[in-house]
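There are 2 protein chains.
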Amino acid sequence: MSPKERHPQRKQAATSFDVARRAGVSRAVVSRAFTPGSSISPESRKKVLKAASELDYRVNQMARALNLKRSDLVGLVVSDMANPYRAAQIDALAKRLVADGYRPLLFCVDGNAETEQSISLLLNYSVSGVVVTSGLPPEAICFKCAERNVPLVIIDRGHNYPHVDQVTSDNAGGGHEAAAKFIRQGNRHLVAVEPDLVVFSVSARVEGFKHAAKSSGCELTVIRVSDPSYASGQQAADRFACKAMRNAGVFCPTDLCALGFLDAMRTKHGADIPQELSVIGYDDIPQSSWEFANLTTFRQPVVEIAATTLELLESRFADPELEERQVVLPVHMIERGTTL
Amino acid sequence: MSPKERHPQRKQAATSFDVARRAGVSRAVVSRAFTPGSSISPESRKKVLKAASELDYRVNQMARALNLKRSDLVGLVVSDMANPYRAAQIDALAKRLVADGYRPLLFCVDGNAETEQSISLLLNYSVSGVVVTSGLPPEAICFKCAERNVPLVIIDRGHNYPHVDQVTSDNAGGGHEAAAKFIRQGNRHLVAVEPDLVVFSVSARVEGFKHAAKSSGCELTVIRVSDPSYASGQQAADRFACKAMRNAGVFCPTDLCALGFLDAMRTKHGADIPQELSVIGYDDIPQSSWEFANLTTFRQPVVEIAATTLELLESRFADPELEERQVVLPVHMIERGTTL
DNA sequence: TTGTCTCTTGAACACGTGTTCACTGATCTG
DNA sequence: CAGATCAGTGAACACGTGTTCAAGAGACAA
Numbered sequence: 117m118s119p120k121e122r123h124p125q126r127k128q129a130a131t132s133f134d135v136a137r138r139a140g141v142s143r144a145v146v147s148r149a150f151t152p153g154s155s156i157s158p159e160s161r162k163k164v165l166k167a168a169s170e171l172d173y174r175v176n177q178m179a180r181a182l183n184l185k186r187s188d189l190v191g192l193v194v195s196d197m198a199n200p201y202r203a204a205q206i207d208a209l210a211k212r213l214v215a216d217g218y219r220p221l222l223f224c225v226d227g228n229a230e231t232e233q234s235i236s237l238l239l240n241y242s243v244s245g246v247v248v249t250s251g252l253p254p255e256a257i258c259f260k261c262a263e264r265n266v267p268l269v270i271i272d273r274g275h276n277y278p279h280v281d282q283v284t285s286d287n288a289g290g291g292h293e294a295a296a297k298f299i300r301q302g303n304r305h306l307v308a309v310e311p312d313l314v315v316f317s318v319s320a321r322v323e324g325f326k327h328a329a330k331s332s333g334c335e336l337t338v339i340r341v342s343d344p345s346y347a348s349g350q351q352a353a354d355r356f357a358c359k360a361m362r363n364a365g366v367f368c369p370t371d372l373c374a375l376g377f378l379d380a381m382r383t384k385h386g387a388d389i390p391q392e393l394s395v396i397g398y399d400d401i402p403q404s405s406w407e408f409a410n411l412t413t414f415r416q417p418v419v420e421i422a423a424t425t426l427e428l429l430e431s432r433f434a435d436p437e438l439e440e441r442q443v444v445l446p447v448h449m450i451e452r453g454t455t456l
Numbered sequence: 117m118s119p120k121e122r123h124p125q126r127k128q129a130a131t132s133f134d135v136a137r138r139a140g141v142s143r144a145v146v147s148r149a150f151t152p153g154s155s156i157s158p159e160s161r162k163k164v165l166k167a168a169s170e171l172d173y174r175v176n177q178m179a180r181a182l183n184l185k186r187s188d189l190v191g192l193v194v195s196d197m198a199n200p201y202r203a204a205q206i207d208a209l210a211k212r213l214v215a216d217g218y219r220p221l222l223f224c225v226d227g228n229a230e231t232e233q234s235i236s237l238l239l240n241y242s243v244s245g246v247v248v249t250s251g252l253p254p255e256a257i258c259f260k261c262a263e264r265n266v267p268l269v270i271i272d273r274g275h276n277y278p279h280v281d282q283v284t285s286d287n288a289g290g291g292h293e294a295a296a297k298f299i300r301q302g303n304r305h306l307v308a309v310e311p312d313l314v315v316f317s318v319s320a321r322v323e324g325f326k327h328a329a330k331s332s333g334c335e336l337t338v339i340r341v342s343d344p345s346y347a348s349g350q351q352a353a354d355r356f357a358c359k360a361m362r363n364a365g366v367f368c369p370t371d372l373c374a375l376g377f378l379d380a381m382r383t384k385h386g387a388d389i390p391q392e393l394s395v396i397g398y399d400d401i402p403q404s405s406w407e408f409a410n411l412t413t414f415r416q417p418v419v420e421i422a423a424t425t426l427e428l429l430e431s432r433f434a435d436p437e438l439e440e441r442q443v444v445l446p447v448h449m450i451e452r453g454t455t456l
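Protein chains in written order, with the working numbering: chain A, 117 to 456; chain B, 117 to 456.
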């Protein structure tokens, strides 16, 4: 490799002024060539595009954002990236955002305080919107977003804030359907693993399950754990094993939790699933289809959630005074080997 | 909730001019109050900060970036988010970037073409740097980054581009150590699962293993699969089972692959691990410590990789003419239940 | 030819910031 | 006390863009 190649000449990035001069038009024409729907003659556009490509011209998005008082950036505040479901959701959201011309500004946080800080920081970047999949942001910060016309969409949460839209899967419906499945296949005891940690989507699943169980007259047992993690699933298995229950249907509100339960029941307690007991989870993370698990679960519609999120963002951007909306997307049960 | 609260007054964001007027100073003083190390008297700073907090002033990062010709944004180009190792890496990188005052601009891509597109897009945002953990970007785009003084760090790749820094874990060393472990514990046959798909880090692990095996005079078998995924691990198990090998040590260059292998060997082929054969993976994803797996593997130093990435970015930002560097971080074997 | 209308163009402005450069007043030095 | 030094200040500029507005060019009807 030649010395010249090793030390490339540091070029000043070409501006619209450079392009204008090369194309023999004014700078305004250059701007119009890159703005769809503006008034420009075909030959002018052609000249501009030619000059632009020769100079490797790129619109300076910072200048553009400053002028328009709005950037293509969208804040993406997420927590618990270790959960494979979250990773899938981020992946779908990020791809959808980019496909629609936005750029996701990622904040990985732990807890509500960090969520608030992140949103506050995002307001410095003229973001077109904010998507929150982490803890519930405090009302004050939501209010600030509304003040500044920054649409805010919350995924998988339940609290109602003015001007804040929400998307969730049908958590309660999934819980209900899990109970129905157990009853249909003849399980005598219904068991819900219920985390103490209050997370709207998770709580709604358990509530749906409990409600369906009670209203069908089945015997319902609740095993309380701290959170909906793999470790908590293991803990639930230990407590379940003590009760020596027969013919039970166990609903874990998260696949991670279900896999912990399943794994401990089989490996440690030698349970025969689904002969002795059935298990259903929620999320359909990739690990649930692994051979050791083969878990019956509910598939979260990550792509549809992403699409809905963008619709909500864009519609509220067009009209900030819209009433807040809550979109609930249906889930489908994926029947595998932990049910009959 | 009152009507007034439901429809918050849309405020114009306060500018440094507003703050200056309220504090009774010039706009330049306001700027200095928010610029560490600039010349300003303590009482002026105090007045400015007071006025700023009263007005909820925030510096407009777009205007700042336009002026400085540099934003706090750092491009983060990633692929294969479904791999839990990647998610952990993104999490560590994103947190570190934010802690150091940068904002990660996330691009989730599939394949090298999309990687190039993403980097090209990023150049429009005056990014302070780009971090690539997806496929290898073409040389042309690396060259453009260098031209524009945009530091580029590539994680877990091997190709040498001018002005492009690299960080990897000690892939070859890990492979070597895996072979040594098998030999030490008395395995007669060493087996490498080798993906056809060329990915630098993965290939380096296999090469390290093969080299160590050969130089120790052990019998070495290679099982070729298409990629380093869970499904490929299952496939490798099927092929391995046909050979009816005794006392083998199997190295899978990825935990996902190892878990697929392990899961299929136990569940489908009824193998007794580690009595009949031993397995070692690479990455230490959370699933590897799950009970069903209990996989011996190498822990990737995600936090150290993130820290090193930032050091490389910042040093190259200070001096763009630095020779390209390749940092190799040590890995540690986590011994679990798939080895003796 | 004259008047009207449509389409295109370029000059000027605004967006909000960081920094440069004189300039002021105070403090220190001999 | 005179001169030199120095921290602190504010006016002005530059960053690169999208859009407004008046003006020009051309087509067409009367």
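Where hints are given, some of them may not hold.
The list cannot tell twin chains apart, which means a pair is met if one copy fits it or any two copies do.
27 Å max Cα-Cα, derived DSSO-like pairs, lysine-lysine [claimed, not checked]:
| hint | residue 1 | residue 2 |
| --- | --- | --- |
| 1 | 211 | 297 |
| 2 | 162 | 359 |
| 3 | 260 | 166 |
| 4 | 260 | 162 |
| 5 | 211 | 330 |
What the hints contain is simulated information worked out from the structure, not anything from laboratory work.
Do the hints match the structure? See the list:
no., hint, result
1, 211 <-> 297, "neither (35 Å within a copy, 42 Å between copies)"
2, 162 <-> 359, "neither (77 Å within a copy, 65 Å between copies)"
3, 260 <-> 166, "between (44 Å within a copy, 19 Å between copies)"
4, 260 <-> 162, "between (44 Å within a copy, 25 Å between copies)"
5, 211 <-> 330, "neither (42 Å within a copy, 44 Å between copies)"
In this structure, the hints that do not hold are numbers 1, 2 and 5, in rising order.
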